[in-house]
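Protein chains in written order, with this note's numbering: chain P, 7 to 426; chain R, 7 to 426.
Think of the hints as simulated: they come from the structure by calculation, not from any bench. We treat Cβ as the ideally placed atom computed from N, Cα and C, and that holds for glycine. Worth double-checking, as some hints may not be accurate.
A short, non-exhaustive set of chain P residues, derived as facing chain R with CB atoms under 7 Å [what the hints assert, rightly or not]:
no.	residue
1	Thr14
2	Ala18
3	Arg21
4	Glu46
5	Ala50
6	Met53
7	Ala54
8	Leu57
9	Gly182
There are 2 protein chains.
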Amino acid sequence: MTEPFDATEVIAAKRDMQRLSDPQIDWVVDAFTRGVVAPEQMSALAMAILLNGMDREEISRWTAAMIASGERMDFSSLSRPTSDKHSTGGVGDKITLPLAPLVAACGVAVPQLSGRGLGHTGGTLDKLEAIPGWRADLSNAEIMAQLEDVGAVICAAGAGLAPADKKLYALRDVAGTVEAIPLIASSIMSKKIAEGTGSLVLDVKVGSGAFMKRHEQARELAETMVALGTDAGVRTVALLTDMSTPLGLTAGNAVEAGGGPRDVVDLTIALAREMVAGAGRPDVDPAEALADGRAMDVWRRMIAAQGGDPDAPLPTPKETHVVTAQADGVLTRLDALAVGVAAWRLGAGRSRPGEQVQAAAGVVLHAKPGDTVRAGQPLLELHTDTPERFARAEAALEGAFDIGAAAPDLPASVVLDRVD
Amino acid sequence: MTEPFDATEVIAAKRDMQRLSDPQIDWVVDAFTRGVVAPEQMSALAMAILLNGMDREEISRWTAAMIASGERMDFSSLSRPTSDKHSTGGVGDKITLPLAPLVAACGVAVPQLSGRGLGHTGGTLDKLEAIPGWRADLSNAEIMAQLEDVGAVICAAGAGLAPADKKLYALRDVAGTVEAIPLIASSIMSKKIAEGTGSLVLDVKVGSGAFMKRHEQARELAETMVALGTDAGVRTVALLTDMSTPLGLTAGNAVEAGGGPRDVVDLTIALAREMVAGAGRPDVDPAEALADGRAMDVWRRMIAAQGGDPDAPLPTPKETHVVTAQADGVLTRLDALAVGVAAWRLGAGRSRPGEQVQAAAGVVLHAKPGDTVRAGQPLLELHTDTPERFARAEAALEGAFDIGAAAPDLPASVVLDRVD
Numbered sequence: 007m008t009e010p011f012d013a014t015e016v017i018a019a020k021r022d023m024q025r026l027s028d029p030q031i032d033w034v035v036d037a038f039t040r041g042v043v044a045p046e047q048m049s050a051l052a053m054a055i056l057l058n059g060m061d062r063e064e065i066s067r068w069t070a071a072m073i074a075s076g077e078r079m080d081f082s083s084l085s086r087p088t089s090d091k092h093s094t095g096g097v098g099d100k101i102t103l104p105l106a107p108l109v110a111a112c113g114v115a116v117p118q119l120s121g122r123g124l125g126h127t128g129g130t131l132d133k134l135e136a137i138p139g140w141r142a143d144l145s146n147a148e149i150m151a152q153l154e155d156v157g158a159v160i161c162a163a164g165a166g167l168a169p170a171d172k173k174l175y176a177l178r179d180v181a182g183t184v185e186a187i188p189l190i191a192s193s194i195m196s197k198k199i200a201e202g203t204g205s206l207v208l209d210v211k212v213g214s215g216a217f218m219k220r221h222e223q224a225r226e227l228a229e230t231m232v233a234l235g236t237d238a239g240v241r242t243v244a245l246l247t248d249m250s251t252p253l254g255l256t257a258g259n260a261v262e263a264g265g266g267p268r269d270v271v272d273l274t275i276a277l278a279r280e281m282v283a284g285a286g287r288p289d290v291d292p293a294e295a296l297a298d299g300r301a302m303d304v305w306r307r308m309i310a311a312q313g314g315d316p317d318a319p320l321p322t323p324k325e326t327h328v329v330t331a332q333a334d335g336v337l338t339r340l341d342a343l344a345v346g347v348a349a350w351r352l353g354a355g356r357s358r359p360g361e362q363v364q365a366a367a368g369v370v371l372h373a374k375p376g377d378t379v380r381a382g383q384p385l386l387e388l389h390t391d392t393p394e395r396f397a398r399a400e401a402a403l404e405g406a407f408d409i410g411a412a413a414p415d416l417p418a419s420v421v422l423d424r425v426d
Numbered sequence: 007m008t009e010p011f012d013a014t015e016v017i018a019a020k021r022d023m024q025r026l027s028d029p030q031i032d033w034v035v036d037a038f039t040r041g042v043v044a045p046e047q048m049s050a051l052a053m054a055i056l057l058n059g060m061d062r063e064e065i066s067r068w069t070a071a072m073i074a075s076g077e078r079m080d081f082s083s084l085s086r087p088t089s090d091k092h093s094t095g096g097v098g099d100k101i102t103l104p105l106a107p108l109v110a111a112c113g114v115a116v117p118q119l120s121g122r123g124l125g126h127t128g129g130t131l132d133k134l135e136a137i138p139g140w141r142a143d144l145s146n147a148e149i150m151a152q153l154e155d156v157g158a159v160i161c162a163a164g165a166g167l168a169p170a171d172k173k174l175y176a177l178r179d180v181a182g183t184v185e186a187i188p189l190i191a192s193s194i195m196s197k198k199i200a201e202g203t204g205s206l207v208l209d210v211k212v213g214s215g216a217f218m219k220r221h222e223q224a225r226e227l228a229e230t231m232v233a234l235g236t237d238a239g240v241r242t243v244a245l246l247t248d249m250s251t252p253l254g255l256t257a258g259n260a261v262e263a264g265g266g267p268r269d270v271v272d273l274t275i276a277l278a279r280e281m282v283a284g285a286g287r288p289d290v291d292p293a294e295a296l297a298d299g300r301a302m303d304v305w306r307r308m309i310a311a312q313g314g315d316p317d318a319p320l321p322t323p324k325e326t327h328v329v330t331a332q333a334d335g336v337l338t339r340l341d342a343l344a345v346g347v348a349a350w351r352l353g354a355g356r357s358r359p360g361e362q363v364q365a366a367a368g369v370v371l372h373a374k375p376g377d378t379v380r381a382g383q384p385l386l387e388l389h390t391d392t393p394e395r396f397a398r399a400e401a402a403l404e405g406a407f408d409i410g411a412a413a414p415d416l417p418a419s420v421v422l423d424r425v426d
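Chain P extracted, bound-state conformation (with noise of 0.2 Å):
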């Protein structure tokens, strides 16, 4: 025996409603990252901290084991300060595009690593390969170099940062145990504090198209995560944002790179001022640099640096079909979930790590939450290289939306809540 535990005693503690030891924290998660600890092994445990909780010294410990996990990047020799921004994921959820130009037009430098999309809610590098040319992977060299020179960067996280988390979150998706604050909010804390940001804004997603159905979850997830950034020396922020309805016009890959409907440009710069502020340049005003065109300029470089090109025809879809209204009234309500399971039917979404996704498919809003709409208009249109995903795509919205008499009662702006 070298092994200070064996792996059924971790779970069995978890399974019967114990804390787990800084020691048991520490083994499991090496052990598991070594692959001593089998994936059998920790999808039950995953499963018995989903059910059973953990509390907030075992969240930052294990937090911290998936840090030590990897190696930890370091910004502070750039010229300018850093903040990062990273959001929970919804339909429609193309914030990072505007927002890293955005943000290093007002001199702030943000390192914007993502990782893939899974599941109904698209990743951000999906939306950006729809670009011709464009490339997700770059060395810790190209990285600072771009910080430096563009003052934004959104690429592939490397598999030095945080590997244990890696390992954990596929384990996690196949086996149903996403749902999880503690391991949620773990989870993104450890890949941020060990990415070496010097501020982190969190978009907390709240509703049927995010992972927190209900704003006292989606504040107990953005509470714990706050304290972790805040323990950890990183400047944290959360904003809870609404995620009831798809943000902006579109939802899927190509279909998002564009465009800034109200929804999207609103939270774009709430989320802007966070980050600005928490970098300490609250007198820096992102609505300016917006208006100006100079984050439109900050995109176009960072695009141009990664081999995209700016001024390239988006890919378009194969084959279209579009959902119609029934009635004469007011849309009352568009499902978020059922908007983004259609998208991820139609081919943008991938349900194995790996798969490939189609750069064209999507589902593209005629008509928002409050628009007035008229029997037989396009409600919806559903984009698709495959059109034998239609079939699944239009059950996937069957009873997602209402049109009604009266104009619904809606938020009075995305931004729901705010944590510090």
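Let chain P serve as the given structure and place chain R on it in line with the hints.
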């Protein structure tokens, strides 16, 4: 999509406390057997079942799905009725060895198809393999011939019976999900129903050395299994029996193959009476067959029929170590679990499927609860071939027994309760 379900949706249903539907259960058990549902998915589902439970109908369907994963045997062509016994596992449980020949001597055929021991409760096959020459693997034709000729067979269950259970059991064992009533009940009953016995007696152990520590738990397990057997047309009865202290005077493999202390004889006769009655011969008295030597004759023929030499000396351990009483008084408690773990650490049990066990390893008891002891007198004798194991075995025995002034309050009989 050729599969009707995705594993994650089945896992999520049980995780979120929903009932699993019949098609979900049929699919997940079959897909796991085929390798379409991965071990890390089934292990998350097993943990969700452990923590959130299954109702009687779910358990019944799960059992049927495991039976359907393999072949079923049929003993209806035999000239005598069949009855089998299953024990949920306890420390020092060698009851099968005298019981099978005893029941056969009463005119009832006993097809005892067993699994390998795991954890602290040794397996029947491991005990018999301590007899030189004896072999556990018989063909179906050999089993039929021996049942007709000798009347009793104890052998390894073939790979064809409930292969889903075999695969699931190995997984539960390494992933901390053994202790779930729905999974224990369906595992035991799927094998016994597939085995084809006409009647069945369940020996459900209660106490520190058993999976079920408390009477109510054990009774729930017993009721669940009796219902499953009865619904499948197998006449099924359960006895709840005491496992707070080891049964008999030995725990291990070779050390248990002989001997007949009071508690062992009482339990053997109680179980034999139930088996004989279940097979429709309530008029036959097993106590007579034990006393007049007929049971011993069948034992010798049964061992010889499987290549074993009933007269061969049993293997002896290379090393022994004695644990003595530290005071005068009455032994008030001798913990079954601690003795079982000690025997396991001495080499009597395996921690991974397929691991070799030591035939001579185990623990011999020199006193049982209620016995008067003197300081310095031997209490326990530890046997092993590998003396470096003594330290960890002794550690397991720390606090395992109490010596007091007054006689302890012991159960009047090893049989505590009966469920039919």
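| request: Mind checking the CB of Arg21/P against every CB in chain R and telling me if the closest is under 7 Å? | output: holds, 6 Å
| task | With chain R as the partner, please determine if Ala54/P meets the hint condition of a C-beta pair closer than 7 Å. | result | The hint holds - Ala54/P has a Cβ within 7 Å of chain R, the shortest such distance being about 6 Å.
| request: Would you settle whether the hint for Met53/P is holds or violated, based on the nearest Cβ-Cβ distance to chain R being less than 7 Å? | output: holds, 4 Å
| When the least beta-carbon distance from Thr14/P to chain R is tested against 7 Å, hint result | Hint holds; Thr14/P Cβ to chain R Cβ min 5 Å, cut 7 Å.
| field | chain R contact restraint for Gly182/P - C-beta distance below 7 Å | value | Cβ of Gly182/P sits 3 Å from chain R, so the hint holds.
| request: Let me know if the C-beta of Ala18/P comes in closer than 7 Å to any C-beta of chain R, holds or violated. | output: Holds. Min distance 5 Å.
| said: Hint validation: Ala50/P versus chain R, beta carbon distance must be below 7 Å. Holds or violated? | reply: At about 4 Å, which falls below the 7 Å cut-off, the nearest Cβ of chain R leaves the hint on Ala50/P intact, so it holds.
| query | Measuring from the C-beta of Glu46/P to each C-beta in chain R, is the shortest one below 7 Å? | reply | It holds, given that the least Cβ distance between Glu46/P and chain R is near 4 Å, below 7 Å.
| query | Are Leu57/P and chain R close enough, Cβ to Cβ, to be under 7 Å, as the hint says? | reply | holds, 5 Å
The structure is consistent with each of the numbered hints, conforming to all of them.
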